[in-house]
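Participant: If you read the protein sequences in the order shown, they are chains A and B.
To convert, note that position 3 of the first sequence is 3 in my numbering; the numbers rise steadily by one, no gaps.
To convert, note that position 402 of the second sequence is 804 in my numbering; the numbers rise steadily by one, no gaps.
Worth double-checking, as some hints may not be accurate.
Stated by the list, open to error - Each computed DMTMM-like pair below joins lysine to aspartate or glutamate, with the alpha-carbon atoms no more than 20 Å apart:
hint: 1; chain 1: B; residue 1: LYS523; chain 2: B; residue 2: ASP619
hint: 2; chain 1: A; residue 1: LYS399; chain 2: B; residue 2: ASP484
hint: 3; chain 1: B; residue 1: LYS487; chain 2: A; residue 2: ASP6
hint: 4; chain 1: B; residue 1: LYS420; chain 2: B; residue 2: ASP619
hint: 5; chain 1: B; residue 1: LYS487; chain 2: B; residue 2: GLU591
hint: 6; chain 1: B; residue 1: LYS487; chain 2: A; residue 2: ASP14
Said to hold, decoys possible - Sample of chain B residues at the chain A side, in silico, Cβ under 7 Å:
hint: 7; residue: LEU432
hint: 8; residue: PRO436
hint: 9; residue: GLY437
hint: 10; residue: GLY472
hint: 11; residue: ARG492
hint: 12; residue: LEU776
hint: 13; residue: GLN782
Just so you know, these hints were derived from the structure itself, not from any lab.
Yeah, the Cβ is synthetic: ideal placement off N, Cα and C, and Gly gets one too.
Number of protein chains: 2
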Amino acid sequence: MTDPHDFTRRLQKDNGSKIVFVIADGLGGLPQAPGGKTELETAITPNLDALARRGTLGLSIPVLPGIAPGSGPGHLGLFGYDPVKYEIGRGVLEALGIDFALGPNDVAIRGNFCTIDEEEKITDRRAGRISSEIGAQLSAKLNQIRIPGVEVFVRAGEGHRTVVIFRGPDLGGDVQDTDPQATGVPALEPLARSDGSEKTASIAQQFLSQAKDLLKDDAPANFLTLRGIDKLPHIPPFSEVYGMRAGAIAVYPMYRGLARLVGMNILDAGHTLDEQMSQLEAAWNDHDFFFIHWKYTDSSGEDGNFSLKVQRTEELDAAIPRVTALNPTVIVVTGDHSTPSTMKSHSWHPVPTLIAAETCRFDGSTGFGESHCLRGGLGQFEAKHLMLLAMAHAGRLEKYGA
Amino acid sequence: MTDPHDFTRRLQKDNGSKIVFVIADGLGGLPQAPGGKTELETAITPNLDALARRGTLGLSIPVLPGIAPGSGPGHLGLFGYDPVKYEIGRGVLEALGIDFALGPNDVAIRGNFCTIDEEEKITDRRAGRISSEIGAQLSAKLNQIRIPGVEVFVRAGEGHRTVVIFRGPDLGGDVQDTDPQATGVPALEPLARSDGSEKTASIAQQFLSQAKDLLKDDAPANFLTLRGIDKLPHIPPFSEVYGMRAGAIAVYPMYRGLARLVGMNILDAGHTLDEQMSQLEAAWNDHDFFFIHWKYTDSSGEDGNFSLKVQRTEELDAAIPRVTALNPTVIVVTGDHSTPSTMKSHSWHPVPTLIAAETCRFDGSTGFGESHCLRGGLGQFEAKHLMLLAMAHAGRLEKYGA
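With the hints as constraints, model all of the structure from the sequences given.
Facilitator: Take a look at the structure:
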């Protein structure tokens, strides 16, 4: 398997050009009835259409045909990191999602509060879906746990979810889940699955033992299970593999976390698209590459709200002139995956993609939408190759071979 | 990584069919303004258009999306050799470019004449860009160097460039460049970078020592640096991987060299397209596969001369009837990469490709150009798969599996 970074490491050059990635989460969609228009095609998007007319369109395949990615592999692919090569554990993703700055000595774990009976058998794997407020109180209680030789952090997630981090030397990340994925049986032991993770397993055991004591009067949330026990993957930094200073402008912590994972600078995104654009302008001179993340095309799709997703797409379109006004060498507009509102979930459908640059080959597109993209000059391509195309159009890649 | 040769070795058969590859170097282009026509679309090409109407079109990706290849990887891909797997060093390519018949015991090196001061520090890495005539005289002088145990060849390149070949047993090809890529510092030593190349490093050291004496009165070209020290890659021959006798008809030495590298017979190409076509006719019965190389679509593109590239494309078109008159089973017309005249350089843009054979599926194309190719039946495909398609249409591949 050819890794794009084998090329970018050798061929990168700095010519002072600027690349902007505008990522509309879950951008791709489906029509409400056969032959109809998708959310993006329904939206009135004069600014994206103008980019489409002078750019080249295509459809991005996030991982492989038929594979619907989560946010982690979806974004890694867009950033040019092979999502098959770099896997992000569930625990790591949860930690990124609460903006916890994970380090290389950290083991991150997703905890689920659960209910156990007097025989310690699990009766409810989600503790009656307690509120986030109660979950936060219980997480604060567990944050008092002390274990010799490591630091322990417990941070609230949503509802019955919590995030546990062990920080210390020689902690492997290969420990099995304690959630038995069933009720009527006890939680499993946190067993090491390979050499080098025994210490982590032992610490998890001590943590669970103390947690059982601390939570014994907190039914229905009188225990917790541990899942997705993992460490940060070894991801080479953006600056090394591409030779660019990258800035991330994302409102949601998960996406800041993913950007941090690949070594981008995390810029203050405020709370609105206007504030994101102001940050883009402010940070313009200090970066070569920008990642702008727009969440609401995904969340409206997840909610099954077709018209809201149309509206959220139009809001993004209205912000595009502030990008083009900066005259970036390359503008890319795409998503990390599709989220058709008819499916209320991430899907595998290829993602509409637009590259606008002076070196684009004309493909006859007159607007930005799935149908135009299907006939676009980029064809259908693997998302991990998008960075290569963006760098090529930016003049940031030398010729390969003589 | 799937290697096309894993299939062709197993599935090849000889049915007496003929395949002709007409390679227009740098064929792909860009319009002069968005919405305009490319060079190929502007050219009046009735003969190529006729092939397009009865053939199938597509766009070839030379290496990976966004990667602009040099001539070496570009042609290896067309010949079905994975350009990521087979890398050709700079020295080897220089030797091929002057038609030097490299053998398996040869180490090829690109030399650059340079200027050094009395402290042996480099003051000009290109020796004031001396003329090719002076460079040839100095190369002839260095060609007198004798080193026990090896043969030494020094051949003139263009201007300040020269090509040095050491021929002998046990010469590794992994020696570092002596060009420090800077002035004000001495040249580097030719150090072996891995076991097995110490002998080569030692010979390079002796060569440089003698060269310094011979050139000491030849300022500004009073020394030389050595770059791209390398041996021929191990490339399995065309006859073995495809079971075809291939003939190359290329006017420029570089392309004869690349064809020789994959084991083609090098045929006398003369100097004109007419002479190339006459050779095609003369050699017709003795070969199964022909590689015809047309340089000027690339050189006119490199010069930024849109209208000259159009004209050079039309000249190629005018020669096509002499190919079709021979009634080859399969005709392929494509390029090794794009060279848009607006960019004056090789580019990564996918390359227009045409296959004409009786077994072609109709794709509705009415002419040969980037827009037709974008909508063509071959879609966008990796160049290394083109040989598989050509052999299939020629009836030269058995069914895979039962």
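Participant: Now look at each hint and say whether the structure bears it out.
Facilitator: Each hint, compared with the structure:
Of the supplied pair hints, the one linking LYS523 (chain B) and ASP619 (chain B) holds, its CA atoms being roughly 16 Å apart against a limit of 20 Å. With a CA separation close to 17 Å, the supplied pair LYS399 (chain A) and ASP484 (chain B) stays within the 20 Å bound. Among the hinted pairs, LYS487 (chain B) with ASP6 (chain A) is consistent with the structure: their alpha-carbon atoms are about 12 Å apart, no more than 20 Å. The hinted pair formed by LYS420 (chain B) and ASP619 (chain B) fails the criterion: a straight-line CA distance of about 57 Å is larger than 20 Å.
Note on LYS487 (chain B) and GLU591 (chain B): the hinted pairing is violated, with a Cα-Cα distance of about 29 Å set against a maximum of 20 Å. Distance hint between LYS487 (chain B) and ASP14 (chain A) is unfulfilled; the C-alpha atoms sit about 27 Å from each other, more than 20 Å. Look at LEU432 (chain B): its Cβ gets to within about 6 Å of chain A, closer than 7 Å, so that hint holds up. Hint on PRO436 (chain B) holds. Least Cβ distance to chain A is approximately 5 Å, under the 7 Å limit.
Annotation: interface hint on GLY437 (chain B) holds; nearest CB of chain A at approximately 6 Å, less than 7 Å. With 7 Å as the threshold, the beta carbon of GLY472 (chain B) comes within range of chain A, its nearest partner Cβ sitting at about 4 Å, so the hint holds. The interface hint given for ARG492 (chain B) is met, as the beta carbon of that residue sits about 5 Å from the closest beta carbon of chain A, less than 7 Å. Using the Cβ-Cβ criterion of 7 Å, the hint placing LEU776 (chain B) at the interface with chain A is satisfied: the shortest such distance is roughly 6 Å.
A least Cβ separation of about 4 Å between GLN782 (chain B) and chain A falls short of the 7 Å threshold, and the interface hint therefore holds.
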